[in-house]
Amino acid sequence: LAAAQLARQRGAHVTAVSAKTKADAVLEAGAEQVIGRDEWPPQDQFSVVIDVVGGSAFSSLLDALRPGGRLATSGAIAGPVVSTDLRTVYLKDLTIFGCTYQSPENFAELVSLIRAGAIRPMVSQTYPLREIARAQSDFISKRYPGKLVLLP
Numbered sequence: 177l178a179a180a181q182l183a184r185q186r187g188a189h190v191t192a193v194s195a196k197t198k199a200d201a202v203l204e205a206g207a208e209q210v211i212g213r214d215e216w217p218p219q220d221q222f223s224v225v226i227d228v229v230g231g232s233a234f235s236s237l238l239d240a241l242r243p244g245g246r247l248a249t250s251g252a253i254a255g256p257v258v259s260t261d262l263r264t265v266y267l268k269d270l271t272i273f274g275c276t277y278q279s280p281e282n283f284a285e286l287v288s289l290i291r292a293g294a295i296r297p298m299v300s301q302t303y304p305l306r307e308i309a310r311a312q313s314d315f316i317s318k319r320y321p322g323k324l325v326l327l328p
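Quick note on my numbering: the sequence shown kicks off at 177 and runs consecutively.
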């Protein structure tokens, strides 16, 4: 959801892949359209893909990139090990990079956008710290579309 908001903030046209049960939240976050997780994204359609889940759909995300496209990955809830045809990467001249670290300057910009209301963290559920096991279970089950927050 944050990726959709940030991309829209920067002027991108956002197409998201999501479970149908979470489509409304994804559209509210800024996506213009949502492709169901059981559908394949169209080939050679996108210049940038942001993948926050990993897993078996990774290869189809590479197929969805235009030649010269970029894929940023920052999560693996659907699985950390992926299988892909490397020829897709080099024949289409794709760039793949990880993106969990942010420089202090980028982090300050993000905080400024939040303070200005330009983007909104979407908190779906809060838990007291003593219920960390329940929070982890809900996270793994992908029950909520937004962030799960532990409170002291």
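Any given hint might turn out to be false.
Unchecked claim - Dumping the calculated BS3-like pairs for lysine-lysine here, alpha-carbon to alpha-carbon at most 25 Å:
id : residue 1 : residue 2
1  : Lys-196   : Lys-323
2  : Lys-318   : Lys-198
3  : Lys-323   : Lys-198
4  : Lys-318   : Lys-196
It should be emphasised that the hints constitute simulated quantities derived from the structure, not laboratory data.
Verification of the supplied hints:
Between Lys-196 and Lys-323 the CA atoms are separated by roughly 18 Å; this keeps the pair inside 25 Å, and the hint holds. Taken as a hint, the Lys-318 and Lys-198 pair is honoured in the structure, with Cα atoms around 10 Å apart against an allowance of 25 Å. Restraint check for Lys-323 and Lys-198: satisfied, since their Cα atoms lie roughly 13 Å apart, inside the 25 Å limit. Between Lys-318 and Lys-196, the direct Cα distance comes to roughly 12 Å. Compliance with the 25 Å bound is thereby established for this hinted pair.
Checked against the numbered hints above, the structure violates none of them.
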